[in-house]
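Here the sequence shown stands for residues 1 to 202, where the numbers follow my numbering.
Heads up, a few of these hints could be off.
[Unchecked claim] Pairwise CB distance ranges, derived in the manner of DEER restraints:
(1) D30 / G117: 27 to 35 Å
(2) E119 / N53: 41 to 49 Å
(3) D182 / D7: 32 to 40 Å
(4) F187 / G117: 19 to 27 Å
(5) N199 / A167: 20 to 28 Å
(6) E77 / S190: 17 to 25 Å
(7) K112 / D182: 26 to 34 Å
(8) D81 / P191: 20 to 28 Å
(9) E184 / D7: 20 to 28 Å
(10) H108 / S190: 40 to 48 Å
(11) P191 / G117: 40 to 48 Å
(12) A12 / F187: 18 to 26 Å
(13) D7 / E119: 40 to 48 Å
(14) A48 / F198: 22 to 30 Å
It is worth saying that the hints were derived from the structure and are not from the lab. Glycine is no exception: its CB is placed at the ideal position from the N, C-alpha and C atoms.
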Amino acid sequence: MTTQYHDQHLSAAALDQIFRDARSYNDWLDKPVSDEQLHAIYDLLKMAPTSANMQPVRIVWVKSDEQKAKLLECVSEGNHDKVKAAPVTAIIGYDIDFHEELPWLFPHTDAKSWFEGDEEGRKEGAFRNSSLQGAYLIIAARAIGLDCGPMSGFDADKVNQTFFADAPRHRVNFICSIGYGDKESIFERSPRPDFDKFNTIV
Numbered sequence: 001m002t003t004q005y006h007d008q009h010l011s012a013a014a015l016d017q018i019f020r021d022a023r024s025y026n027d028w029l030d031k032p033v034s035d036e037q038l039h040a041i042y043d044l045l046k047m048a049p050t051s052a053n054m055q056p057v058r059i060v061w062v063k064s065d066e067q068k069a070k071l072l073e074c075v076s077e078g079n080h081d082k083v084k085a086a087p088v089t090a091i092i093g094y095d096i097d098f099h100e101e102l103p104w105l106f107p108h109t110d111a112k113s114w115f116e117g118d119e120e121g122r123k124e125g126a127f128r129n130s131s132l133q134g135a136y137l138i139i140a141a142r143a144i145g146l147d148c149g150p151m152s153g154f155d156a157d158k159v160n161q162t163f164f165a166d167a168p169r170h171r172v173n174f175i176c177s178i179g180y181g182d183k184e185s186i187f188e189r190s191p192r193p194d195f196d197k198f199n200t201i202v
């Protein structure tokens, strides 16, 4: 069966790079990632959709040896070497009070008022949309030729205290190492389900 796409669909090579051949890496080549590359990742991910353009993600890009040492104290033993070897590890966080930025982020209406007085609703929205933005980060990093290793396995309270002490309304969602993956560090790809396994068209 031939699948028809939009006339401007990405090439097969691009789709391979972002999805089909991309992997989550456990170890990294000794090759740096520049600040310019991190800016390029953010400049792509920020363009993808969030509810009411709330843009709740707050990212700390851990590059320096000093800050990496602090992050290593927060991660599980199983993730220690992954973070230590990575050129950069992004702490993908979110701002519970994202609504304070909505007057300029979503100027079409008084969106700020939708979220005032509802902190639990803001937490839910911020977590959901920062999760989306974390996924966009992975896609953007792959699109510019980098590899990723997203992970949980960390002490969230410790990460918040260490990296968001000056922004107590920020919370960590997950972390993601970024660099040039060592192909020797990955396993065979785990199974992926066919469409009919978990999908229904109604």
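Taking the hints in turn, this is what the structure says about them:
1. Between D30 and G117 the CB atoms are about 51 Å apart, so this pair departs from the stated range of 27 to 35 Å.
2. About 20 Å separates the C-beta atoms of E119 and N53, a value inconsistent with the hinted range of 41 to 49 Å.
3. Checked against the hint of 32 to 40 Å, the C-beta distance between D182 and D7 comes to roughly 38 Å, which is consistent with it.
4. Taking 19 to 27 Å as the suggested C-beta distance range, the pair F187 and G117 does not conform, at roughly 48 Å.
5. Taken as a hint, the range 20 to 28 Å is violated for the pair N199 and A167, whose Cβ atoms sit roughly 39 Å apart.
6. A C-beta distance of roughly 22 Å is found between E77 and S190, which places it inside the suggested range of 17 to 25 Å.
7. Range check, K112 to D182: about 46 Å between beta-carbon atoms, so the 26 to 34 Å window is missed.
8. The hint said 20 to 28 Å for the Cβ distance between D81 and P191, and at roughly 26 Å that hint holds.
9. Look at E184 against D7: about 40 Å separates their beta carbons, and that is not inside 20 to 28 Å.
10. H108 and S190 have their C-beta atoms about 43 Å apart, which keeps the hinted 40 to 48 Å range intact.
11. The supplied range of 40 to 48 Å is met by P191 and G117, whose beta-carbon atoms lie about 46 Å from each other.
12. At roughly 25 Å, the beta-carbon separation of A12 and F187 lies within the given 18 to 26 Å, and the hint holds.
13. The given range of 40 to 48 Å is respected by D7 and E119, whose C-beta atoms sit roughly 45 Å from each other.
14. Between A48 and F198 the C-beta distance comes to about 23 Å, which sits within the given range of 22 to 30 Å.
In summary, the structure is inconsistent with hints 1, 2, 4, 5, 7, 9 from the numbered list given earlier, while agreeing with the others.
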